[in-house]
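Trainee: The primary structure of each chain is shown beneath.
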Amino acid sequence: MKLKSILSVALGLAALTVTIKTNAAQPFDIYNPGGVRIVPIALSGYTGEVAAVVKFDLEVAGFEVTTPEKADFTLTGRNEASRIEGRLQRASTKETLLAKAYTGENARAQAHTLTDEVIQAILGVPWIARTKIVYKHEAREGQSEIVISDYDGHNPKPVTQDGTIVASPAWIPKQWHLFYTSYKSGYPWIYSHNLTSGERRPFAKFAGLNASATISPDGNRVAMILSKAGSPDVWVCNVDGSGLKQLTPTREDESSPCWSPDGTKICFASRLNERRALYTVPAAGGAMTLLRTAGVSNPSEPDWSPDGRMIVFTSQMGDFNICTVPAEGGTATVLVSGEDPSWAQNSRTVIFTRRSGNKRVLSLLDVPTKRVKDTAQISGSRSQPSWAR
Amino acid sequence: MKSAKLLNLLLVSLLLATFATGCKKNPKNITNIPGMRAQPSDTGMNPGIPPNVVPGGSGTVGSEIPMPRDGKRDTTALAAYTIYFEFDRSAIKPSEQSKLDSVATYLKSTPGVQLLVEGHCDERGTEEYNRALGERRAIAAREYLLQRHGISSELVTTASFGEDKPVSLEKTEEAYAKNRRDEFVILRPQ
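As you go down the protein sequences, you meet chains A and B in turn.
Quick note: to get my numbering, add 555 to the position in the first sequence (first position is 1).
Quick note: to get my numbering, add 200 to the position in the second sequence (first position is 1).
Certain hints may be false.
Calculated pairs, EDC-like style, for lysine to aspartate or glutamate (alpha carbon to alpha carbon, straight line, at most 20 Å) [claimed, not checked]:
1) Lys914(A) x Glu370(B)
2) Lys371(B) x Asp773(A)
3) Lys371(B) x Asp874(A)
4) Lys925(A) x Glu635(A)
5) Lys914(A) x Glu693(A)
6) Lys293(B) x Glu624(A)
7) Lys739(A) x Asp288(B)
8) Lys800(A) x Asp773(A)
9) Lys378(B) x Asp627(A)
10) Lys365(B) x Asp301(B)
11) Lys365(B) x Asp717(A)
12) Lys739(A) x Glu264(B)
13) Lys914(A) x Glu373(B)
14) Lys371(B) x Glu693(A)
15) Lys610(A) x Asp627(A)
16) Lys365(B) x Glu696(A)
17) Lys365(B) x Glu700(A)
18) Lys299(B) x Glu286(B)
19) Lys760(A) x Glu264(B)
20) Lys760(A) x Asp795(A)
21) Lys914(A) x Glu363(B)
22) Lys610(A) x Glu635(A)
23) Lys729(A) x Asp817(A)
24) Lys293(B) x Glu374(B)
25) Lys625(A) x Glu635(A)
26) Lys760(A) x Glu323(B)
27) Lys760(A) x Glu354(B)
28) Lys800(A) x Glu264(B)
29) Lys729(A) x Glu635(A)
30) Lys371(B) x Asp270(B)
Hints in this document: simulated from the structure, not taken from any laboratory.
Remember, predicted model here, so these are calculated numbers, not experimental data.
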């Protein structure tokens, strides 16, 4: 479904010759602040929803939509009933970097596909405007459901309709399959839910807490929090439920495990020795190692970037802040106010939860430019986003 | 023909986008933290190893929690004995001990029932952190009943709701204090 094809065809018009340039701009080193800047781009010819989608996608990617005089790039095109066109040019040289038309699916999908290609042509990395997220939607207090939507919050589709409490949805990487916590039995159990077949079954229903399931990058292993042995600990098992093993035999509580992209390590939050910190542990078992997050306190909710370089997490110092730290530990960088971050596949964009009055909203963060855009608003609260990747 | 080529290109780039997950760096295992001391532990830490490394393995600290029995939920019998916690803490406060003592008396005089301790948190924590903290609070009450009163391990089970079931939605210290709690539910044979 994520890869449902949208037809992108070359234009037959002589006026728009198709040029696929390989000499796109060099990929920015997003972890080097000097290597990233906000890219000014001018838009013309788009109207209505298509114009809004293109602008939103570009701003999430750290672009600023501006006038042609100030722009480094121009994107010119038009949207018709069932197709959109776009031509991307470098402003200084008028060199055409991309010229295409898009048909199929719907206008939003066409616009996302256009901006995916425009952003890739400029930044030199594959983009994420056509990816999905899953999150917890609390329509009224004490009642929440699992919902999937486009990355910008549009096209929400409920996964559960149980009228109970749910928590911490996670994808099996590259599969249309979720794990999440539900209290539908009265107790916090982890469920495995195949969205293609519709089959759902309890995955972990031990005594005490079963929560925070997260699936290894190869899709074969599950890390989760179980308290059956007497305190909330990190456990792992195979995706079929076999081979259950306790990784953290501590008396204190552990929470929010995540996998390193090579699948060899698990990072999580613990309050060992009454000091809240992030730790890593070998996924096959072994010693817990403290992950330094110098400069911030009370870290939780780590998520390892798909390129392996960074860990994004929440620090709690009065308020909640989204922070990053090098994956080997070090000095933390405070980015913006918010909690529960999840990386996109591009290792650049992060989706997170922001508290706003009595509501919680999902926002998108461009890590190198620290720019934040709220996703589409709906009634109720949304939290615990997980990006399909 | 031309469009087919382009479609291929598009597919290839989609595939690349899907599988470009490279991971080159293996973070170092051990980083020494100046100023962080190993504390005398209830975690069984050996003072001879670096303070930031904890022995792994499959050992168990704490006692195994029993499965809840199928039964009728009685939320009123022990409603008066809800206990409360300090912010971000799971230790039983001295002020709450007499309520737990009453819960123990009830259990001893009511054969055939099982106790479900439900742990809760205020909203000033991240969601999954609070889910673990709520469980820790439920376990703290369970351990008190087992250790102080000799209640059988099989009779006390736990569940955490984290911050998902507050009794008060207000954003005041008083409301937060009411939400940081263990509630006691009796599971009666059907």
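Trainee: Does each hint fit the structure? Answer for all of them.
Mentor: Each hint tested on the structure:
{"no.": "1", "hint": "Lys914(A) x Glu370(B)", "result": "13 Å, holds"}
{"no.": "2", "hint": "Lys371(B) x Asp773(A)", "result": "43 Å, violated"}
{"no.": "3", "hint": "Lys371(B) x Asp874(A)", "result": "14 Å, holds"}
{"no.": "4", "hint": "Lys925(A) x Glu635(A)", "result": "34 Å, violated"}
{"no.": "5", "hint": "Lys914(A) x Glu693(A)", "result": "9 Å, holds"}
{"no.": "6", "hint": "Lys293(B) x Glu624(A)", "result": "67 Å, violated"}
{"no.": "7", "hint": "Lys739(A) x Asp288(B)", "result": "27 Å, violated"}
{"no.": "8", "hint": "Lys800(A) x Asp773(A)", "result": "18 Å, holds"}
{"no.": "9", "hint": "Lys378(B) x Asp627(A)", "result": "56 Å, violated"}
{"no.": "10", "hint": "Lys365(B) x Asp301(B)", "result": "25 Å, violated"}
{"no.": "11", "hint": "Lys365(B) x Asp717(A)", "result": "16 Å, holds"}
{"no.": "12", "hint": "Lys739(A) x Glu264(B)", "result": "23 Å, violated"}
{"no.": "13", "hint": "Lys914(A) x Glu373(B)", "result": "19 Å, holds"}
{"no.": "14", "hint": "Lys371(B) x Glu693(A)", "result": "18 Å, holds"}
{"no.": "15", "hint": "Lys610(A) x Asp627(A)", "result": "16 Å, holds"}
{"no.": "16", "hint": "Lys365(B) x Glu696(A)", "result": "8 Å, holds"}
{"no.": "17", "hint": "Lys365(B) x Glu700(A)", "result": "15 Å, holds"}
{"no.": "18", "hint": "Lys299(B) x Glu286(B)", "result": "16 Å, holds"}
{"no.": "19", "hint": "Lys760(A) x Glu264(B)", "result": "14 Å, holds"}
{"no.": "20", "hint": "Lys760(A) x Asp795(A)", "result": "14 Å, holds"}
{"no.": "21", "hint": "Lys914(A) x Glu363(B)", "result": "14 Å, holds"}
{"no.": "22", "hint": "Lys610(A) x Glu635(A)", "result": "17 Å, holds"}
{"no.": "23", "hint": "Lys729(A) x Asp817(A)", "result": "15 Å, holds"}
{"no.": "24", "hint": "Lys293(B) x Glu374(B)", "result": "17 Å, holds"}
{"no.": "25", "hint": "Lys625(A) x Glu635(A)", "result": "28 Å, violated"}
{"no.": "26", "hint": "Lys760(A) x Glu323(B)", "result": "26 Å, violated"}
{"no.": "27", "hint": "Lys760(A) x Glu354(B)", "result": "17 Å, holds"}
{"no.": "28", "hint": "Lys800(A) x Glu264(B)", "result": "15 Å, holds"}
{"no.": "29", "hint": "Lys729(A) x Glu635(A)", "result": "33 Å, violated"}
{"no.": "30", "hint": "Lys371(B) x Asp270(B)", "result": "36 Å, violated"}
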